Amino acid sequence: MSLKDIFEKTIPKLVLGPTLLASLLFVYGFILLTGYISLTESRMMPTFEFSGLGQYVDLFDNERWWTSLTNLGIFGTLFIGFSVAIGLFLAILLDQKIRAEGALRAVYLYPMALSFIVTGTAWKWMLNPSLGLEKVMHDWGWTAFHFDWLVNPDMAIYTVVIAGVWQSSGFVMALFLAGLRGIDDDIIKAAQVDGASLPTIYRRIVIPAMRPVFFSVLLILSHIAIKSFDLVIALTAGGPGNASSVPAIFMYQFSFTRGQLGLGSASAMMMLATIVAVLVPLMYLEARSNKAMR
Amino acid sequence: MKLKHIVMLTTLAFAGSAYATDVEVLHYWTSGGEAKSAAQLKLIVKEAGYGWKDFAVAGGGGENAMTALKTRVISGNPPTAAQIKGPSIQEWGREGVLANIDEVAVAGKWDSVLPKVVADVMKYKGHYVAAPINVHRVNWVWANPEVLKNAGVAGMPTTWDSFFEAAEKIKKSGAIAIAHGGQPWQDATIFESVALGVGGAAFYQKALVSLDQKTLTSPTMVKVFDTLGKVKGYIDKDAPGRDWNLATAMVINGKAGFQFMGDWAKGEFASAGKVPGKDYLCAAAPGSAGAYTFNIDSFAMFQQKDAEAKKGQMALAKAVMSPQFQSVFNLNKGSIPVRSGVSKDKFDDCALKSMADMDVSGKNGGLVPSMAHGMAIPSATQGAISDVIAKFMNSSMTSADAVAALAKAAKTK
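Residue numbers (my numbering), protein chains in the order written: chain A, 1 to 294; chain B, 1 to 413.
Everything labelled a hint here was simulated from the structure, so no lab data went into it. For clarity, every value in this text was computed on a predicted model and none was experimentally measured. Treat the hints loosely; a few may be bogus.
[What the hints assert, rightly or not] Simulated pairs of lysine to any residue, SDA-like, Cα-Cα distance not exceeding 20 Å:
#: 1; chain 1: A; residue 1: 135; chain 2: B; residue 2: 236
#: 2; chain 1: B; residue 1: 70; chain 2: A; residue 2: 43
#: 3; chain 1: B; residue 1: 274; chain 2: B; residue 2: 245
#: 4; chain 1: B; residue 1: 411; chain 2: A; residue 2: 62
#: 5; chain 1: B; residue 1: 237; chain 2: A; residue 2: 154
#: 6; chain 1: B; residue 1: 413; chain 2: A; residue 2: 44
#: 7; chain 1: B; residue 1: 237; chain 2: A; residue 2: 158
#: 8; chain 1: B; residue 1: 255; chain 2: A; residue 2: 131
#: 9; chain 1: B; residue 1: 411; chain 2: A; residue 2: 44
#: 10; chain 1: B; residue 1: 353; chain 2: B; residue 2: 364
#: 11; chain 1: B; residue 1: 232; chain 2: A; residue 2: 154
#: 12; chain 1: B; residue 1: 237; chain 2: A; residue 2: 148
#: 13; chain 1: A; residue 1: 124; chain 2: A; residue 2: 234
#: 14; chain 1: B; residue 1: 318; chain 2: B; residue 2: 107
#: 15; chain 1: B; residue 1: 171; chain 2: A; residue 2: 130
#: 16; chain 1: B; residue 1: 310; chain 2: B; residue 2: 79
Model the full structure from these sequences, guided by the hints.
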């Protein structure tokens with residue numbers, strides 16, 4: 001074996017080795033550590049004395065945790081649903097070979113370039129009744145106008161949905177647009193020859209053919225939803241009161257400001273479990289459909 | 001041997017150019033007035049012959065600072081001192097990392113210049129491990145005299161009944177009666193002032209410091225929530241999420257009549273060029289005139305390996321408690337000195353009132369730690385209680401339900 005052969009064999013391993021080790025340690029190692037801490041009585045500092053599932057019992061007895069879970073359910077469903085619907089709709093409109101498509105695409109994609117903190121702060125100002133939309137409407141003479149979701153404990157979580165959808169639907173549109181462009185023109189032409197109308201073509205041919213794109217979009221959006229923290233902090237700070245708290249905020253507050261590291265770790269493990277519960281079936285389905293295609 | 005000598009000599013030569021030892025202080029005084037106050041301490045420490053290594057971690061509540069501190073302590077390299085307050089000092093004490101500073105405390109007669117309740121907070125198992133810096137009073141109500149006059153309110157109300165009469169008049173005059181920011185800690189601040197005013201200091205001590213279940217579920221506690229519910233009715237609907245200083249600005253600008261807030265609010269009035277007694281009024285929250293909820297900042301001292309570093313630590317502790325520092329620092333920050341024997345010349349009327357009330361309440365048992373500001377109970381329990389209060393303030397929860405939830409939250413360990 002020549003020196004060159006040895007190099008060619010070992011270099012990829014050498015280059016990938018450190019990254020592999022680092023992610024094994026810092027991702028999976030720390031997942032295991034967090035899992036173990038959630039089984040201890042850790043308070044301000046971690047302790048390593050095993051104490052069973054007590055933290056999980058406390059967690060599910062905590063009303064704040066249930067509020068957070070409910071909010072995640074509302075936010076996750078609506079955020080993913082609206083982002084996909086609006087993104088797909090925009091993508092189909094942009095796909096109609098219109099003028100200045102590049103410029104329009106950039107306009108819709110730009111929100112993604114902002115951080116969630118900026119989005120949250122801007123929407124906070126717009127939705128604040130005495131500062132934003134409501135005040136403008138009142139100043140213009142429409143005094144009956146009423147929009148106080150941001151300060152209404154029952155509706156605050158929906159303002160997070162609005163801001164989240166505004167931020168992400170452009171990005172979803174870009175993904176779908178790429179998917180639409182990947183579909184063979186000949187199939188569509190054949191359908192047109194057969195006399196299918198445009199809506200039918202989209203419904204029966206184009207959208208089913210974009211199945212892999214749907215998988216990617218759901219994967220990306222669902223993990224954004226589950227880990228969402230900055231958007232909520234900037235927009236409502238989990239308020240009014242704790243009305244719009246989400247699991248990530250719960251985890252941060254209990255672990256780092258309230259000295260209940262064990263309980264915080266338990267909530268982190270539950271978040272991980274939620275992600276796994278959503279992603280594993282999705283990935284399984286995708287893997288199976290890939291095999292079927294082959 | 002020779003090589004070792006040379007190495008030592010060169011190190012000494014280099015070290016000679018700086019101070020003999022540095023004291024490293026972790027704090028979160030990063031806003032304008034606070035940074036000025038911290039600079040004073042730096043000067044005093046330098047005069048004592050020690051270098052100052054600033055370890056400021058931004059984030060008003062000190063959460064980030066605590067995270068930074070934990071990493072340093074775990075890695076076995078703690079700073080000389082860190083800004084830690086209340087029961088957290090005990091939590092750190094249990095970790096076995098705090099240093100005994102009895103030597104300075106005895107020399108400075110801390111036991112006699114500090115009120116006993118304050119000294120107790122600074123001690124772990126009977127030994128001083130922390131040096132107190134200042135005292136903030138939490139049960140204040142601030143008011144704009146113009147707004148009161150326009151509404152026909154004569155003077156600051158001293159009972160809850162007269163307070164609600166005044167609030168009703170202000171509301172009718174078109175102003176907002178109570179300026180408030182709907183954040184959990186501000187909700188808790190109002191709650192504890194109401195509890196102190198409605199139930200008195202003994203009730204407060206039993207319910208919110210000792211967490212006595214019987215007191216927590218007593219009819220008095222129901223009355224506390226009833227009163228809090230009434231207070232809620234005079235807060236404007238845009239309050240959720242508003243920062244406390246914006247609420248103070250509403251009082252300054254004459255948009256609102258009253259605000260319940262600790263005396264750090266004075267800094268806002270002062271920087272707007274307002275004079276106490278003339279442009280704004282301060283009084284104890286209704287019904288709590290003889291009582292005093294305190295919020296004390298302190299430096300907890302961490303064990304040092306090096307003998308020189310220990311000396312620097314003692315010098316720091318001594319500097320913090322010196323009348324000179326206590327006076328300058330507190331004039332900048334709006335609080336009052338924690339020790340007796342500090343000249344009162346430069347302090348304003350509200351600060352003088354605070355000092356007088358602290359003296360009185362220290363003698364009659366009315367001096368109690370603030371629950372909302374982490375002086376009374378561990379952070380876990382405090383968090384659970386503030387969740388209940390926040391829920392009450394932001395929903396149609398009944399007082400009876402709130403009391404039940406509060407009693408449950410108080411059991412959080």
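Here is how each hint holds up against the structure:
1. 135/A x 236/B: At roughly 15 Å apart (the allowed maximum being 20 Å), residue 236/B and residue 135/A satisfy the hint.
2. 70/B x 43/A: 12 Å, holds
3. 274/B x 245/B: 15 Å, holds
4. 411/B x 62/A: Measuring from Cα to Cα gives roughly 12 Å; hence the hint holds.
5. 237/B x 154/A: At roughly 14 Å apart (the allowed maximum being 20 Å), residue 154/A and residue 237/B satisfy the hint.
6. 413/B x 44/A: 12 Å, holds
7. 237/B x 158/A: 18 Å, holds
8. 255/B x 131/A: 15 Å, holds
9. 411/B x 44/A: 18 Å, holds
10. 353/B x 364/B: Measuring from Cα to Cα gives roughly 16 Å; hence the hint holds.
11. 232/B x 154/A: Holds. Residue 232/B to residue 154/A sits at ~17 Å (cutoff 20 Å).
12. 237/B x 148/A: Holds: residue 237/B and residue 148/A sit about 9 Å apart, inside 20 Å.
13. 124/A x 234/A: 8 Å, holds
14. 318/B x 107/B: 9 Å, holds
15. 171/B x 130/A: 18 Å, holds
16. 310/B x 79/B: Distance of about 11 Å is within 20 Å: holds.
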